[in-house]
Structures are given as structure tokens and as C-alpha cells.
Amino acid sequence: MTAVDVPTPATGTRQPILQARNLVKTFGKVVGLDGVSLDLYPGEVLAIIGDNGAGKSTLIKCLTGAEIPDTGELLVSGQQVHFKRPQDARAHGIETVYQNLAVSPALDVASNLFLGREERLPGPLGSIFRVLDTKGMRRKAKAELIRLGISTLQDVTVPVENLSGGQRQAVAVARAAAFGSKVVVLDEPTAALGVRESNQVLQLVRDLRDRGLPVILISHNMPHVFDVADRIHIQRLGKCAATITPQSHSMTDAVAIMTGAATA
Amino acid sequence: MTQQQQAAGPPAEKPTDPAEEFLDRSTPLSRIRNVLHRYPALSPAIVLLVAVVVFGILNDRFLRVENLSLITQQVSVVGTLAIAQTLIILTAGIDLSVGAVMILASMVVAQMTVNNGMPAPLALVAGLVVGLAAGALNGFLVTRFKLPPFIVTLGTLNIFIALTLLYSGGSTVRGSSMPALLTWMGSTFPVGPVRISTGVVTMLLLYIAVAFILGKTAWGRHVYAVGDDKEAARLAGIPVNRVLMSVYLAAGAVLAVGAWIQIGRTNAASPNAGVDLNLDSITAVVIGGTSLFGGRGSVWGSLLGALIVGVFRNGLSLAGLDVLFQTLAVGVLIIVAVSVDQWIRKVKS
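Protein chains in written order, with my numbering: chain A, 1 to 264; chain B, 1001 to 1349.
Possibly wrong hints are sitting among the right ones.
Cβ-Cβ distance ranges computed for the label pairs, FRET-style [unchecked claim]:
#1 Leu1205/B <-> Gln154/A: 37 to 43 angstroms
#2 Gln154/A <-> Glu1231/B: 24 to 30 angstroms
#3 Leu1166/B <-> Phe27/A: 46 to 52 angstroms
#4 Gly136/A <-> Asn1267/B: 48 to 54 angstroms
#5 Gly1056/B <-> Phe129/A: 38 to 44 angstroms
#6 Gly1170/B <-> Arg117/A: 51 to 57 angstroms
#7 Leu1279/B <-> Asp210/A: 57 to 63 angstroms
#8 Tyr1039/B <-> Arg211/A: 35 to 41 angstroms
#9 Leu1147/B <-> Asp51/A: 26 to 32 angstroms
Below, a list of computed lysine-lysine pairs in the DSBU-like style, where the Cα atoms sit at most 30 angstroms apart [claimed, not checked]:
#10 Lys84/A <-> Lys135/A
#11 Lys1346/B <-> Lys142/A
#12 Lys1346/B <-> Lys1216/B
#13 Lys1230/B <-> Lys182/A
#14 Lys1230/B <-> Lys135/A
#15 Lys1346/B <-> Lys135/A
#16 Lys84/A <-> Lys29/A
#17 Lys84/A <-> Lys1346/B
Hint data in this document are derived by calculation from the structure and do not stem from the laboratory. Glycine included, every Cβ here is placed at the ideal spot set by N, Cα and C.
If we strip away everything but chain A, and leave its shape as in the complex, we get:
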């Protein structure tokens, strides 16, 4: 194995929030994951990079419950877990922001934040007539955005379709980061964005980390990865080729490891 664990200030001796041990996932004869391990510590941004077909997506899907690994184990805060559906991962505080942004354009920001977990009014209005607590949800949405430090979304009553790409990404990230989640997984969050909006999203990732929420970031964009990541997990041919830091290696090194031209 060429995997090298580089200790950083973020890791130390602390208990990882999310751990994967020797995950194996095959699709017929194709080996998607070939014994991959990964640790995510509190308050760090862990980037996952790799060429197409290196197993990034399969790894993420196993971590978020979208795929079930053949063998290997997953631990959340040291406790072993088995995810059969994305909802199982969500129940353990692992929230995913998908590449295609799971937001409803015609609904407003607050409705999107609470989509699928709406809150009803207290009393018979809520329990019998099932009336939503729209005002309460708006108030909580606003408070949650302030807590997360998302300043680009001022008005939670604006339909998401009226927002810019960066703001929409912020809505999706806010939904993932809000309401007591432990881990946020971002799949290519800057792929569809311009320079300025990408920077806003990267700043958002830093803000989340600074508030103690660990982030897993999947990206093709090396400058973005080296900009925000504390550690970088490099997938190659279904295995973890190396785990490096932006301090220990250069972008060129990372690309070389990714393509197999070098080892860590």
C-alpha cells in the first residue's frame, strides 16, 4: 500500500467523525472500490480527487448510503453503522449536496431548507388540519443561515429560481449543513459556477469548517481543492493512492499521483 497518513493539526489524536474501513464494492467483474479506508476528523475539509473511474463517486455513494459496499465497515463517531438508503445516512447526520443541486426552483428559500421535513403549527391546527408553520420555518431558516454565516441569502421568501448559481448552491449547502448535521458531503460544488460564485462557495466551505462542521469535497478543480482542503484523499484505480496535504505536496505532485506517474 502506498497510502500515507500525514498528520495535520486538524487530526491529532481526536476521534474521527466518519471512518471507512477496507470498503470493497464490485459491479459484476468491475471493481469499483478495492479496499478503501478513509477518516474524517471534526473541523476539517477532506477533498477527494481522482480521475474518471477511479472510484470517487462509488466511495461517496457508499459513505452516503446511495450504494451498499460488499465488504468493509463504516463508523460514525466510533459506532459501526450500516446504510441501506440515503435516508439512513441522513439520520446519522451525513448530508449530501448533489451535483445537480436538489433544490426546487419555484419554492422559496425557506421552503427549500425545510423540504421533506416541514414543521406544522402546534395545537389542533397542526395536528388535525396539518397546517404548516410557515412563519416559524421562515424564522428558523433565517436564524440557521445567520448561524452558518451565509450572508448571500438575505430574504428567505425569494423563490430559488430568482437566485444566482452561487446563491442556489448556498441554499443547497445550507440545507445540508443545517439542523444538526455532522458531516456535509459536497459533490462538485463549483463545477457549474463562474469565478466569483465559486469563490463564494469556497468561502462557505471554509466557514462551515470554522464552525466545526467537517466537509468532504469531491472536485475536479485542483486550484479549488488546494485552496480549501486540509487533507486530500487521492483515488486511483479503486484504491486510495495517497492522502496528502496542500502543504506536503504541490498540485503537480497530486496530478502525478492521480494519474499514476508518481507515488506519494
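Place chain B on chain A using the hints.
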């Protein structure tokens, strides 16, 4: 002209690059568009108001209370079907079978009492079962077989028409031979100078109930989310198929009530009635500003849409124009309504 605050946009963000400044430019026209975008029932409301004023000027009989009361009664059946149609169109579907389901239910209700001697309340329950079963079949085919709603309901439209004719033997049941409860929806009572039919009141109560459910409950919000972006709704943890199924069932229940209103309105249950009702309900929904692409619109818009069609037909006939011109006007209305909808949806603030 350079940096005007937009009417309905989010609070101004300081534009830093020229491109954004260019996009932010707002004209009076774009401000109107923003307002219309925010309140989807506003444009049909304006059209209805203008139509009423114009027809009132053209013919002084138009604004008489008897005439206005007649229009509401003429609209009650299509208006009810439009509720069911709105629910389905909001999920980015379409239901070509609403009229056929309603007629089938009305035939079952009528025949059960007249031929099988079933008590009227029980027959109405049988009609409800027919509506729910039809909705369940449509919903099942849409959610399990992943068939486009257009194709599913095109198929079930023919199935339901055939079932209606097979069941009824092609014969009409007259209202005079039915128990009074079945034709109750056609009875009218005076409210001041106006006579209102029970059917119209029932339709309005259905509108209030459905508007409440769509606007105030999680289910309503999920209906919009599913129609807006199915995949996004699924990823947000919404049980998409269950929502779709419940929408088709709810539509079926509304159609059963529609069958009752139809019997009262025509004082008969005829297997050949309402061939146009399928498309008329879609017309009402579309003119009411609900988007055929799903996720946008309101049930009140559909009521306005149904009223607009009713007002045009009534007003044009009072103005002495041939029936064909009414149909022509409705066709023009549909195209104008969808064009306006497309233009409104280009909003970017």
C-alpha cells in the same frame, strides 16, 4: 435606468461587474413581469375583469344578476373538473380522462339508484369508489410503469368511455326518475337578488379546501416540489411515487363530486355528455396561469380560467355572435395565455 431597484427582487446586492449591471437593468415592462410572476393568479384576474367590463358595455343584459348567476352555474362542472386537472398538471402531468371518469361515475350513481334500487347516499358512495378506482388506475400506471401521464390517460380515456357505454347501454337516465338527493346539486336558493345553485356552492367549497391543502400543508408543498423537479424532490427525501399516487386519488375523488354536480346541472345522467369536458378542464387550468411544465400555478387561477371561458361564451352569444366564434375566441385565449405564461417565466431578478 442604470441601477434602479427592482420591484420584486431580493435586496440589492452591490453589483461589482459590468455583466451583472447589465442583467439588473429593469424596465417598466420587466417590473410588470416580476409582479405577474409573483402572483400567478393576477393575469387571469385582470383578463376576467376586462372581459366582464367589455361585455357589460356591449350588451346591458350581460351584467344582470340572472345572467351572472347563469354563468356560474354553467361553469360549475368544468370548474370542478379543473380542480382535479390542476392537481395533476401541478405535478407536471396531464389528465385527458377527467371528463370520462366523471361521466362514468355519474352513470354508475344514476343506474345504481334507478335500476338496482340502491339508496341514493349509497349510490353516491359507489360513485366515489368509481372515481377513486379510476384515479388509482391512472396513478398506478404513472408511478409503477413510469408511463407518461398523457399516454396513460389517453388510454384510460378510451377505456372509461367504452365502460360507460357498455355499462349504460347508451341510454340516458332522466333526473325526474332519480331520487331527489341526486339532483340536489341543481337546486338553487336565493342570496339577495341572485339565485345560487348548490352545485356552485359545492364547487367553491372544493376550491377553498384544495387551495388550503395546497397552500398550507406539507402535502401541498410536496405536490409543487414533485412537479417542479422530480429528482430534486426525491433527493430531498420526498416519497415521489406516493405523492403522485395520492394526487391521482384526490383527483378521482373530486371527479366523483363533479359527477354529482353534473347530474344536478343537466338534470340527467347521459353517457354521451361532456365529450368536450376533458379538454375544457385543461383549457381552464392553462388560461388560469398554471404551467403545463408543473410546479407553478394555483387552483384559484383555474377557477378564474373556467370563469373566463364561461364569460366569453356567454358574452359573445349575447353579443349575437355565432357559436363558432365562441370556440374561436377560446382557442385564441389558450394561445395568448400560454404565451403570456412563457413570457412571465423568463423572469430573472
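Going down the list of hints, with the structure as the test:
Distance hint check for Leu1205/B and Gln154/A: the Cβ-Cβ separation is about 40 angstroms, which falls inside the suggested range of 37 to 43 angstroms. About 28 angstroms separates the C-beta atoms of Gln154/A and Glu1231/B, a value consistent with the hinted range of 24 to 30 angstroms. For Leu1166/B and Phe27/A, the Cβ-Cβ distance of about 51 angstroms falls inside the hinted range of 46 to 52 angstroms, so the restraint holds. Checked against the hint of 48 to 54 angstroms, the C-beta distance between Gly136/A and Asn1267/B comes to roughly 50 angstroms, which is consistent with it.
The hinted window of 38 to 44 angstroms between Gly1056/B and Phe129/A holds, with their beta carbons roughly 40 angstroms apart. Taking the beta carbon of each, Gly1170/B and Arg117/A are about 53 angstroms apart, inside 51 to 57 angstroms as hinted. Distance hint for Leu1279/B and Asp210/A: a CB-CB separation of about 58 angstroms, consistent with the stated range 57 to 63 angstroms. Separated by about 38 angstroms at the C-beta atoms, Tyr1039/B and Arg211/A satisfy the suggested range of 35 to 41 angstroms.
In this structure the supplied range 26 to 32 angstroms is violated for Leu1147/B paired with Asp51/A, their Cβ-Cβ distance being about 39 angstroms. Between the alpha carbons of Lys84/A and Lys135/A the distance comes to roughly 35 angstroms, so the proposed pair goes past 30 angstroms and is violated. Of the supplied pair hints, the one linking Lys1346/B and Lys142/A holds, its CA atoms being roughly 28 angstroms apart against a limit of 30 angstroms. Between Lys1346/B and Lys1216/B the CA atoms are separated by roughly 27 angstroms; this keeps the pair inside 30 angstroms, and the hint holds.
Of the pairs offered as hints, the one joining Lys1230/B and Lys182/A holds, with about 27 angstroms between alpha carbons and a cut-off of 30 angstroms not exceeded. With a C-alpha separation of about 26 angstroms, the suggested pair Lys1230/B and Lys135/A falls inside the 30 angstroms cut-off, and the hint holds. For the suggested pair Lys1346/B and Lys135/A, the alpha carbons sit about 29 angstroms apart, so the restraint of at most 30 angstroms is met. Of the pairs offered as hints, the one joining Lys84/A and Lys29/A holds, with about 22 angstroms between alpha carbons and a cut-off of 30 angstroms not exceeded.
Pair hint Lys84/A plus Lys1346/B does not hold up; C-alpha atoms about 41 angstroms apart against a cutoff of 30 angstroms.
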